[in-house]
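Q: Read off the chains here:
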Amino acid sequence: GNSVTQMEGPVTLSEEAFLTINCTYTATGYPSLFWYVQYPGEGLQLLLKATKADDKGSNKGFEATYRKETTSFHLEKGSVQVSDSAVYFCALRSAGGTSYGKLTFGQGTILTVHP
Amino acid sequence: EAQVTQNPRYLITVTGKKLTVTCSQNMNHEYMSWYRQDPGLGLRQIYYSMNVEVTDKGDVPEGYKVSRKEKRNFPLILESPSPNQTSLYFCASSISGTPSHFGPGTRLTVL
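Taken in sequence, the protein lines are chains A and B.
Going by the working numbering, the first sequence opens with residue 343, and the numbers climb by one from there.
Going by the working numbering, the second sequence opens with residue 298, and the numbers climb by one from there.
If you're looking for bench data, these hints aren't it; they were derived computationally from the structure.
Certain hints may be false.
Just some of the chain B residues that point at chain A, by a computed CB distance under 7 Å [to be verified]:
no., residue
1, P336
2, G339
3, Q342
4, Y345
5, M347
6, G355
7, F387
8, G394
9, S397
10, F399
11, G400
For lysine-lysine, the following DSBU-like pairs were computed, each having C-alpha atoms within a straight-line distance of at most 35 Å [as the list claims (entries may be wrong)]:
no., chain 1, residue 1, chain 2, residue 2
12, A, K410, B, K354
13, A, K394, B, K315
14, A, K394, B, K354
15, B, K315, B, K362
16, A, K394, B, K366
Interface residues of chain B toward chain A, partial, derived using beta-carbon atoms under 8 Å [said to hold, decoys possible]:
no., residue
17, R306
18, I309
19, M324
20, N325
21, Y328
22, G337
23, D353
24, D356
25, G360
26, P396
27, P401
28, T406
Fair warning: this is a prediction, and the values are worked out from it, not measured in the lab.
Glycine is no exception: its CB is placed at the ideal position from the N, C-alpha and C atoms.
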């Protein structure tokens, strides 16, 4: 079956530092890949997505590139802010067919940014 | 306001007492889904529905039931809750198969 593995957290950074959260996946075919963010006490929000190899998703200064050869979708941001403190989830959706709506999430990475 | 609503937000119950968590969206979305969130395990999909009367199992469907009789509602039913179903539950919806709107969550405790 499909699986998503995220880097162990929590991650603690100072404001304006560079952020990388690693995500690798196992899936058949060509799944779609996503990053979601969960702020304290809230539901998840879709942060960015990529639907095919070499696609780059971007939003709010965050970026991730769909790397088929390394089965990875690492999240990056050049300069984090305190307001970026949240839990980040990597996820994949099956390529198609009868499992099109099935999503698999990673375990989440807690990010804390200090002033 | 476009939103997904869940009720109740908090629930404490006892083993074996049937319960239903409601989920409703006002965006005319085709796709709806349920997840549970547990520490160290991230989110795991319970069930999803691509459209009315169409539902399918996610990764952890055991002990849960769902129904999709109308587009806006997607209730989660626990026929006989057990303590291992204590968790934080989220409902989500979207136009397509990628959840774009999540509800605020329902924290369930089964004693």
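Q: If a hint holds in the structure, say so; if it doesn't, say that too.
A: These are the hints, each one checked on the structure:
1. The closest approach between the C-beta of P336 of chain B and any C-beta of chain A is roughly 9 Å, which is over the 7 Å cut-off, so the hint fails.
2. The criterion of a C-beta within 7 Å of any C-beta in chain A is met by G339 of chain B, whose closest approach is roughly 4 Å, and the hint holds.
3. Residue-level restraint check for Q342 of chain B holds (minimum Cβ-Cβ distance to chain A is 5 Å; threshold 7 Å).
4. Annotation: Y345 of chain B was flagged as interfacial toward chain A, and the flag holds, the nearest CB pair being 4 Å apart, inside 7 Å.
5. Annotation: interface hint on M347 of chain B holds; nearest CB of chain A at approximately 5 Å, less than 7 Å.
6. Interface restraint check: G355 of chain B against chain A, minimum CB-CB distance 6 Å, threshold 7 Å, status holds.
7. Restraint check, F387 of chain B versus chain A: the minimum CB separation of about 6 Å is within 7 Å; hint holds.
8. Interface hint status for G394 of chain B: upheld, as the beta-carbon distance to the closest one in chain A is roughly 4 Å, under 7 Å.
9. The criterion of a C-beta within 7 Å of any C-beta in chain A is met by S397 of chain B, whose closest approach is roughly 5 Å, and the hint holds.
10. Taking 7 Å as the C-beta contact cut-off toward chain A, the hint placing F399 of chain B at the interface holds, the least distance being around 3 Å.
11. For G400 of chain B, the suggested interface contact is upheld, since its CB lies about 6 Å from the closest CB of chain A, less than 7 Å.
12. The suggested pairing of K410 of chain A with K354 of chain B holds, with an alpha-carbon distance near 27 Å, which does not exceed 35 Å.
13. At roughly 43 Å between alpha-carbon atoms, K394 of chain A and K315 of chain B are farther apart than 35 Å, so this suggested pair is violated.
14. A C-alpha spacing of about 25 Å is found between K394 of chain A and K354 of chain B, which places the hinted pair at or below 35 Å, so the restraint holds.
15. For the hint pairing K315 of chain B with K362 of chain B, the CA-to-CA distance comes to about 11 Å; that is within 35 Å, so the pair holds.
16. Between K394 of chain A and K366 of chain B, the direct Cα distance comes to roughly 34 Å. Compliance with the 35 Å bound is thereby established for this hinted pair.
17. The criterion of a C-beta within 8 Å of any C-beta in chain A is not met by R306 of chain B, whose closest approach is roughly 11 Å, and the hint is violated.
18. With 8 Å as the threshold, the beta carbon of I309 of chain B stays out of range of chain A, its nearest partner Cβ sitting at about 19 Å, so the hint is violated.
19. A cut of 8 Å between beta carbons decides the hint on M324 of chain B: the least distance to chain A is about 14 Å, and the hint is violated.
20. With a least beta-carbon distance of about 17 Å to chain A, the hint placing N325 of chain B at the interface is violated under the 8 Å criterion.
21. Given the 8 Å rule on beta carbons, the hint for Y328 of chain B holds: about 6 Å separates it from the nearest Cβ of chain A.
22. Annotation: G337 of chain B was flagged as interfacial toward chain A, and the flag holds, the nearest CB pair being 6 Å apart, inside 8 Å.
23. With 8 Å as the threshold, the beta carbon of D353 of chain B comes within range of chain A, its nearest partner Cβ sitting at about 7 Å, so the hint holds.
24. A least Cβ separation of about 7 Å between D356 of chain B and chain A falls short of the 8 Å threshold, and the interface hint therefore holds.
25. With a cut of 8 Å, the hint placing G360 of chain B at the interface with chain A is violated, because the nearest CB-to-CB distance is about 18 Å.
26. The beta carbon of P396 of chain B comes within 7 Å of a beta carbon in chain A, closer than 8 Å, and the hint placing it at the interface holds.
27. Against a cut-off of 8 Å between C-beta atoms, the interface hint on P401 of chain B holds, since the closest Cβ of chain A lies about 6 Å away.
28. For T406 of chain B, the interface hint is violated, since its Cβ never comes within 8 Å of a Cβ in chain A; the closest pair sits about 17 Å apart.
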